[in-house]
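Given the structure of chain X, go ahead and fit chain E onto it with the hints provided.
Protein chains: 2
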Amino acid sequence: MRNFSLNRVMKSVLCVLGSTWLAVLSPVHAIETVESPSLNMKAYFDIRDGRPIYWLLHKGDTVIRPSYLGLQLRGEHSRGDFNNYKEEKTIDNGITGLMNGFVLTGSERHRFDETWQPVWGEERSIRNCYNEMLLTLKQPSKDRSIQICFRLYDDGLGFRYIFPQQRNLNYFVIEEEHSEFAMPGDITAYWIPGDYDTQEYEYTRCKLSEIRGIQEKTSKANLSTTNFSTTGVQTPVLFKTNSGKWLNIHEAALVNYSCMHLNLDDQNMVFTSWLTPDIDGTKGHIQTDAVSPWRVIMVGEKAQDILASRIVLNLNEPCKISDTSWIKPMKYVGVWWEMIAGSADWSYTWDFPSIHIGVTDYSKAKPHGRHGANTANVKRYIDFAAKYGFDGVLVEGWNIGWEDWFGNEKDFVYDFVTPYPDFDVEGIHDYAKSKGVKMIMHHETSGAIRNYERWLDTAYQFMNKYEYPAVKSGYVGNLLPRGEHHYSQWMNNHYQYCVEKAAKYHIMVNAHEAVRPTGLCRTWPNLIGNESAQGTEYQAFGGSAPNHTTMLPFTRLIGGPMDYTPGIFENDIRKFNPNSTSWCNTTLCNQLSLYVTMYSPLQMAADIPENYERFRDAFQFIVDVPVEWDEPYYLEAEPYEYVTIARKQKDTDAWFVGSTNGYDPRTATIDLSFLPAGKKYVATIYADAKDAHYKTNPQAYTITTKTVTSKTKLKLFTAAGGGCAVKIVPKQ
Amino acid sequence: MRNFSLNRVMKSVLCVLGSTWLAVLSPVHAIETVESPSLNMKAYFDIRDGRPIYWLLHKGDTVIRPSYLGLQLRGEHSRGDFNNYKEEKTIDNGITGLMNGFVLTGSERHRFDETWQPVWGEERSIRNCYNEMLLTLKQPSKDRSIQICFRLYDDGLGFRYIFPQQRNLNYFVIEEEHSEFAMPGDITAYWIPGDYDTQEYEYTRCKLSEIRGIQEKTSKANLSTTNFSTTGVQTPVLFKTNSGKWLNIHEAALVNYSCMHLNLDDQNMVFTSWLTPDIDGTKGHIQTDAVSPWRVIMVGEKAQDILASRIVLNLNEPCKISDTSWIKPMKYVGVWWEMIAGSADWSYTWDFPSIHIGVTDYSKAKPHGRHGANTANVKRYIDFAAKYGFDGVLVEGWNIGWEDWFGNEKDFVYDFVTPYPDFDVEGIHDYAKSKGVKMIMHHETSGAIRNYERWLDTAYQFMNKYEYPAVKSGYVGNLLPRGEHHYSQWMNNHYQYCVEKAAKYHIMVNAHEAVRPTGLCRTWPNLIGNESAQGTEYQAFGGSAPNHTTMLPFTRLIGGPMDYTPGIFENDIRKFNPNSTSWCNTTLCNQLSLYVTMYSPLQMAADIPENYERFRDAFQFIVDVPVEWDEPYYLEAEPYEYVTIARKQKDTDAWFVGSTNGYDPRTATIDLSFLPAGKKYVATIYADAKDAHYKTNPQAYTITTKTVTSKTKLKLFTAAGGGCAVKIVPKQ
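Note that the protein sequences, when read in sequence, are chains X and E. Counted from 1, the first sequence has number 766 at position 720 by this note's numbering; the numbering is strictly sequential. Counted from 1, the second sequence has number 518 at position 472 by this note's numbering; the numbering is strictly sequential.
Pulled out of the complex, with its shape left as it was, chain X reads as follows (with noise of 0.2 Å):
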């Protein structure tokens, strides 16, 4: 006999701007279900054995098979390892935290349809259309309760826990959320390996049962890293079903809350969540009313599907920002690529065994003559962004504390507002601004998060001061305080103080190292980027694998835009280190199609000005490509293949098109049917030529003009590690 009731009273709800009704009378035992828009995914619920379990379908296919859903309490289990739990239960059967004796007490179902305009992204305006199905647990024998909230789009699922504030479910502290997902089958998993602290890997394809083998192998470069088991992913986690549906697993509006991992289990094929742990080893301290962070799983029938997706921006709060004129889209160059390639240093001196912020007096050090961050060296690059219309330029290492920023566990590091006796803040500023163009901030933390606290509002007030409009922050090496992980509830509470202490001092956020972004730029677009993955920088730390940027769009960047840094001419990192051996693993057209396939409203061109010089004519595709765009066309798309977006500039009639290649030489093909009909229009094509690789030839491109029209299919030649990008516009 299962104690069973349901609460049928139908509450009002309130119906916001473009939401309707649905009530459904649920009978007694009836499995819950709801239906996206369409009616082409579905979702049902059922409590079995006191325990919540869901599935979902996509066109009558099952795509995650009955999975549970719950969380185990600490100080309500009788044994802290979770991996007991089942044998726990066996012996108990009595209740484990959230995870069992649950009775189904409510069930509610809201439509909702609106369209928002977000203030920067891939499109003008974003359609926001689901189906909700609310459901309220009870525990009898606790007498308290949770809900779980499903929100069924045409292109996924979203669901989330909802902890109501009540006298017995007042504080509880998370052990682990063990919400799972039963995949269908041992289909193809791309992954990266789940780590505490970084999400700076290649991704591998490989078979779910594939992974633990894989996994076991990967190496750990990273200057802090945590795995913590070897069938751990991270998410976004992209997945092909045997029958060639595109599958991806990600979360949603990640606030007060743990970084979702996940563990497979392969043996049965399912994957359960695993969240990053605090310093205690607790997975998250939760004061009701509370929600999780919501759990998206991603559907669809062409990868291009995965693409277009908007639900995880759409189960973001809408903008908490009233005023936004502020925040603006940038294109920019930066002293960086330099220090990180290594022709030049971060620091100043090597007069000093450490530094003592305040105390070293840096004006009597003797300067080892390789600081980029000198005063001629970032006037150069402001003369170069003025020259090309770029709007800003970033400088890394201009602040004392430098010498010793790293491997020490170092609290004091910075101050964020002292520059290097080289580096002229008041006179850079003038410099800039006189050319019209802005500088933009930078704050390493070297993970030293209670010092970054102290000085944020210092540091913000600096920006304020002399107008710098945006930050890349970092977070490199282990975490202070010791033991805390990059991806825990208190790091990430961390991240969203910084972002929302930004907005009021109108600052746009680019957080490097930071946890990998949940669509939260919708709610906080002053968050305009984040890295969260392996960037461009790893060309110079060995090189990247030629097929990574033809991944990152499947799945780093669908919780939100990456500061990927693209636009790497010179693949010699000989020429500025004659110690290194590293290579760029791109053709020059390939760091040209990522302004097109990797959105960001924050792009970067990351060579050296002379590099760019030396290839003028190619630049021309950076100088001339926008930050801001009206639509995205998903064209082709074959992740760890290739991929080949278009898109088109914002309020202007100019279109854009990328094509990113991995390893082996294609020929994309582009069909212009986007463009609008009966009118021709000129397409500058910028071509790996047919000899290019990014290995032997990669400077190898051409570059040809072409009439076209709305009817035009372009057969571009795309090299190994290669790709092609096009601009087109009206023809005069």
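Rather than coming from a laboratory, the hints here were simulated on the basis of the structure. Check each hint, because a few of them may be wrong.
No distinction is drawn between identical chains; accordingly, a pair holds when it is met within one copy or between any pair of copies.
To be verified - Only pairs whose alpha carbons sit at most 30 Å apart, straight line, appear in this in silico DSSO-like list of lysine-lysine:
#	residue 1	residue 2
1	K433	K777
2	K184	K412
3	K547	K511
4	K511	K550
5	K410	K550
6	K188	K412
7	K184	K410
8	K410	K366
9	K547	K410
10	K759	K550
11	K550	K348
12	K757	K726
13	K374	K761
14	K253	K725
15	K479	K433
16	K511	K184
17	K696	K286
Quick caveat, the model's predicted, so the values are computed rather than measured.
The following block gives chain E in isolation, referenced to the frame of chain X:
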């Protein structure tokens, strides 16, 4: 053959005012020695088997037997557990951190003599006179050096480690400091248990050999408590040698270092330093140049010598605040005891299971009617303060968040600026100002350190706006970051951060539950008080030992003043809280005596106004007693039994005497020879009645006046848990 060399180069020394230069040529292999200015103390230093060792004599008697010095470093020893140190050394015979392998390469002597004026204190000026022995120790195999500096005073020894900046000793992590204090036999100790999180204990007097048995049975009543060893004790720890000399071991100038406990080897009667760990178990992250705090051994013939010693203040740096005009001692009352005793609450409502600061709407909440910090009640205290000339009024529970302020490991527990609906911050400010009374701010952090630091500037700015000159801060309960301890390097850094930031805002700090003071009030005299011991509140938490305050001047107060909050006139806590079984274990006159025996620039009259009006005549002593003094006279002292102190009021021809008694009734002898000879004075004497007793008859007292001169010796009865207080002014 010992590898032993001495660098005898006479370096030029910065001669500070009043210092002279004593150069001693140390013969090879000679033991290094230094004597105190009056030659009554002599310290010896040697290197034995590569290990630094010292011992200390007072008038020819060994007070510290040969004791090793050194530090174990993380990563420089093959085993993490320091307990294996000796074993490991036997196996390895190699270099372990900064423990061994040393040779002496330099030896300097300096003489220092100055007299300085504290901003506030027990006297107008303090002499700082010592002979210094600065030893340079090299580990040739590691090519690195440290220094150990000994400063020998007539009343004690201070020594510290100095870690000069050098390429081979740049950053290091302390596994443990192993500074030994080999006691002269199984002597008597006056101690509280070692604890990483609380100092709120009562003192035990016993032989060293008895500590283990007693410590194991010590109750751990505090909300946050972490004992580490059954022979662990806290400093300051008092000792009486078997020949009747008094010793006290403490530390001075605890800055950016872990707080030291002592752990006893009770076979050999050797204490060894035991630092408080950081969250990761390490005991200090050091970047050279750096120094350890001073390890201080005070020595006296009489117990009064311990009270008179200023060695802890002298070992601190001079004042770093240039304008100290805003730092003013205060006598105050406050909305506090009624909550402690249980007749009022800090909180405002019972409507909410928990509070979300900034979200929970108090304006619609039903008050529970027990909120102490309501405007009417606060004005009542302001009136009372104005009527009797108190400088300030403290109010606890004025700001939102107290409904769920502890026990939840809550992060965002307070914002420190939002008052409860019934606390009119503006009106109270205006009212207090009109009455010439200052409001004292209260910042309970609930141990949520990040949250407090995030709000600190805002909170201090709020104080400036409403003209609060001082803040009582609190660190109740376990800390966030979770696992951090109250006395770790990380936390000590936090307390110091608050004090230094407060100085910028001209704010005085009185930090409760913070690390014990180590004389830092010399350097930062805006650190006007600390709790850091069992205070008066325990009289409402079950009652304190009647002799507790006969110990505090010899122990806790060695490092700096305590906000003990004396003045409880009503012993029966049931009058506040019918459910209480607590009783204040002192007579009323004992309470009066504390205003003299427990020096503090911040003195509270902690009872409620009604109780002072009930005993209006006795209250007059609290009204009259000042908080600023010219000079102290330590008349009688037997720690654990009694202490009698007289003080001359600053800039005034008035003296105040207090005698605080313990368990056994006795007659205090108060020799008034400190009075100027040949003049007549009137003494107003507040004394226990003959039948007074802390338990049965605490409010029995007599008030008499008597003409006295410098030849008078007052004989005053003090009851069990009793005391007396005397005010002496010139006879008109």
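Hints, one by one, checked against the model:
no.: 1; hint: K433 with K777; in the structure: within (26 Å within a copy, 90 Å between copies)
no.: 2; hint: K184 with K412; in the structure: between (70 Å within a copy, 28 Å between copies)
no.: 3; hint: K547 with K511; in the structure: both (16 Å within a copy, 22 Å between copies)
no.: 4; hint: K511 with K550; in the structure: both (14 Å within a copy, 21 Å between copies)
no.: 5; hint: K410 with K550; in the structure: between (38 Å within a copy, 29 Å between copies)
no.: 6; hint: K188 with K412; in the structure: between (69 Å within a copy, 27 Å between copies)
no.: 7; hint: K184 with K410; in the structure: between (69 Å within a copy, 28 Å between copies)
no.: 8; hint: K410 with K366; in the structure: between (48 Å within a copy, 25 Å between copies)
no.: 9; hint: K547 with K410; in the structure: between (36 Å within a copy, 29 Å between copies)
no.: 10; hint: K759 with K550; in the structure: neither (48 Å within a copy, 69 Å between copies)
no.: 11; hint: K550 with K348; in the structure: neither (41 Å within a copy, 62 Å between copies)
no.: 12; hint: K757 with K726; in the structure: within (10 Å within a copy, 117 Å between copies)
no.: 13; hint: K374 with K761; in the structure: neither (35 Å within a copy, 83 Å between copies)
no.: 14; hint: K253 with K725; in the structure: neither (47 Å within a copy, 101 Å between copies)
no.: 15; hint: K479 with K433; in the structure: within (14 Å within a copy, 62 Å between copies)
no.: 16; hint: K511 with K184; in the structure: neither (54 Å within a copy, 49 Å between copies)
no.: 17; hint: K696 with K286; in the structure: neither (33 Å within a copy, 84 Å between copies)
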